[in-house]
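Peer 1: What follows is the residue order along each chain.
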Amino acid sequence: MRIEDSESFRAVMANPHPQTEKVDVEGILARVHDGGVAVVPHKMRSRRTWVRYTGIAASVLVIAVAIQLGRPTICFRKSDTTNYLTQAGQRARIALSSGDTILLAPATKIKVSKNIIDLEGEAIFSITHTSDKPFIVRTRISTTRVLGTSFGVRAYAEDKAVRVTVESGRVMLDGAGVLGAGDVGRVTSTGKSTVVHGTNVASLLEWRVDVLSFNGEHMRDVIPELQRWYNIPIVVANPAINDLKITATLRSRSIENLAAVLQGALEVKAIWDGKTLTLK
Amino acid sequence: MLFRPKPDAELSDEDRILSERIRAGDIQAFDDVARKHIPAMVRLAGAINPIGDVHEDIVQSVLARVWERRAEFYPRKSIVAYLMAAVRSHALDVRRQDRSRERLLEHAGDHFSHDETLNLFPSPDTGLDIGDDKLALRRAFFTLSERQRTVLHLRYGQDMRYAEVAAVLGITPKAVERLLAKSIEALRARMREGGFPPSEPSI
Numbered sequence: 000m001r002i003e004d005s006e007s008f009r010a011v012m013a014n015p016h017p018q019t020e021k022v023d024v025e026g027i028l029a030r031v032h033d034g035g036v037a038v039v040p041h042k043m044r045s046r047r048t049w050v051r052y053t054g055i056a057a058s059v060l061v062i063a064v065a066i067q068l069g070r071p072t073i074c075f076r077k078s079d080t081t082n083y084l085t086q087a088g089q090r091a092r093i094a095l096s097s098g099d100t101i102l103l104a105p106a107t108k109i110k111v112s113k114n115i116i117d118l119e120g121e122a123i124f125s126i127t128h129t130s131d132k133p134f135i136v137r138t139r140i141s142t143t144r145v146l147g148t149s150f151g152v153r154a155y156a157e158d159k160a161v162r163v164t165v166e167s168g169r170v171m172l173d174g175a176g177v178l179g180a181g182d183v184g185r186v187t188s189t190g191k192s193t194v195v196h197g198t199n200v201a202s203l204l205e206w207r208v209d210v211l212s213f214n215g216e217h218m219r220d221v222i223p224e225l226q227r228w229y230n231i232p233i234v235v236a237n238p239a240i241n242d243l244k245i246t247a248t249l250r251s252r253s254i255e256n257l258a259a260v261l262q263g264a265l266e267v268k269a270i271w272d273g274k275t276l277t278l279k
Numbered sequence: 000m001l002f003r004p005k006p007d008a009e010l011s012d013e014d015r016i017l018s019e020r021i022r023a024g025d026i027q028a029f030d031d032v033a034r035k036h037i038p039a040m041v042r043l044a045g046a047i048n049p050i051g052d053v054h055e056d057i058v059q060s061v062l063a064r065v066w067e068r069r070a071e072f073y074p075r076k077s078i079v080a081y082l083m084a085a086v087r088s089h090a091l092d093v094r095r096q097d098r099s100r101e102r103l104l105e106h107a108g109d110h111f112s113h114d115e116t117l118n119l120f121p122s123p124d125t126g127l128d129i130g131d132d133k134l135a136l137r138r139a140f141f142t143l144s145e146r147q148r149t150v151l152h153l154r155y156g157q158d159m160r161y162a163e164v165a166a167v168l169g170i171t172p173k174a175v176e177r178l179l180a181k182s183i184e185a186l187r188a189r190m191r192e193g194g195f196p197p198s199e200p201s202i
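These protein sequence lines are chains A and B, in that order. Here numbering that gives the first Met the number 0 is used: position 111 in the first sequence is 110, and no number is missing along the way. Here numbering that gives the first Met the number 0 is used: position 122 in the second sequence is 121, and no number is missing along the way.
Extracted from the complex, chain A is given alone in its bound form (with noise of 0.2 Å):
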């Protein structure tokens, strides 16, 4: 009999690697759309791997791969710790071992090492409460500390406070106390902290569904926020557009849609030329 025609044969080369056998179609697909691009990190190497090598790899292993599809994510390994970054334009979410997720925004380093996370840029988190091992996310000037929720940190380097968005559960801020579901937290580099109850947070994580929202906003303030978004430079040609408020939504990752959107909203001229998106 022609190998071709055996049943194992069929069967085999239906399905040829044992771990593709069963397949969480709905998962996958919740996660295209919740969290987009998938961060694919290096596989673990085994315990008997590790102690075999532990040495040398505690000294200068530092590994850099970039995986994606095109522009990529690019992640180090350091030890224990995995360092995650996305560009400007980018976003990815990050599976980790314990079922959590955090998805990352454009721009936005992390260092997960165990159950500590350290922050730049922006991230929303969706953590498991564990009593025996509380998850911490650090930011250069505050600490959250994780009671099993999902909630938002932002903290880019150019933003005065940190902000702490929680859309379910209760996260502890170290300064502000306990915040639930609908309370914005803010800690300033000087340590002052507020809390806002309340909020309509699902407009500050809208970013996740590739949404933007700016409220009455400063365009001195969108503008870095733009940038990173679509990764295109924007030069202001007039300095008083700085000093106008934008209220919009953005709902494209079209930067034709982008420059509409700011002439009708701003009533300037935003002209694209491929490469700049100039306002005067």
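Because the hints were derived from the structure by calculation, they are not lab data. Take these hints with a grain of salt, some might be off.
The list that follows gives simulated cross-link-like pairs (lysine-lysine, DSSO-like), each with its CA atoms no further than 30 Å apart [as the list claims (entries may be wrong)]:
no.	chain 1	residue 1	chain 2	residue 2
1	B	K35	A	K21
2	B	K133	A	K21
3	A	K244	A	K268
4	B	K173	B	K35
5	A	K268	A	K108
6	A	K244	A	K279
From chain A, some residues computed to sit far from chain B (all C-beta separations above 10 Å) [claimed, not checked]:
no.	residue
7	S5
8	R9
9	L225
10	A239
11	K274
Quick reminder that beta carbons are idealized off the backbone N, C-alpha and C, glycines included.
With chain A fixed as given, assemble chain B onto it according to the hints.
Peer 2: Below, chain B alone, put in the same frame as chain A:
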């Protein structure tokens, strides 16, 4: 006057309508297409990339990019061929980067273990319920080159037409026939040799 076919001129009516709906931002059409093809996409990623457990992540990334760039969604032969080609491209990227990591480790005096690959081929005492003939076939399959694995999987595992397989691999249907014949022959030879994996997986 030169005749320039439309990009989707070779599509079936069903695929053409679905493509148009996806380009127009119809998320239901996208979801229907994704649900239909996700299992096959994941299995192709598994056939291409034996190491690691990133097959679902590869498919997620491909679909996210398709949706993100839906305005450019113009399959030529069929939607399934388009998606499979995208999965293959991304799975090969991931594989290349795994090998870059391997080189970095070797450069640092470390040595990358292929334990992960060997785990695909469990010894009888693992207690896994897997037939000997299937195990031998899997062993032999993963010693083939990536192109041989892909052509066998798409043709015999997913029953794709020669023209569709050709579109995925970027070769002619005639070349698919030749590659398929050589792949079968190579598989037979490896089966005769016992199907043991080589010291380094093929790509």
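Peer 1: Work down the list of hints and note, for each, if the structure agrees.
Peer 2: To see whether the hints hold, each was checked on the structure:
For the hint pairing K35(B) with K21(A), the CA-to-CA distance comes to about 15 Å; that is within 30 Å, so the pair holds. For the suggested pair K133(B) and K21(A), the alpha carbons sit about 17 Å apart, so the restraint of at most 30 Å is met. With a C-alpha separation of about 15 Å, the suggested pair K244(A) and K268(A) falls inside the 30 Å cut-off, and the hint holds. Pair hint K173(B) plus K35(B) holds up; C-alpha atoms about 28 Å apart against a cutoff of 30 Å.
In summary, the hint linking K268(A) to K108(A) is not supported, as the alpha carbons are separated by about 34 Å, beyond the 30 Å threshold. For a cut-off of 30 Å, the pair hint linking K244(A) to K279(A) stands: about 15 Å separates their Cα positions. Chain B draws S5(A) into its interface by the beta-carbon criterion, the shortest separation being 8 Å against a cut-off of 10 Å. Against the 10 Å criterion, R9(A) falls within the reach of chain B, whose nearest CB is about 7 Å from its own CB.
Against the 10 Å criterion, L225(A) stays outside the reach of chain B, whose nearest CB is about 18 Å from its own CB. The beta carbon of A239(A) sits about 34 Å from the closest Cβ of chain B, which is more than 10 Å, so the claim that it is off the interface holds. Even its closest Cβ contact with chain B, about 20 Å, leaves K274(A) beyond 10 Å, as expected for a residue assigned away from the interface.
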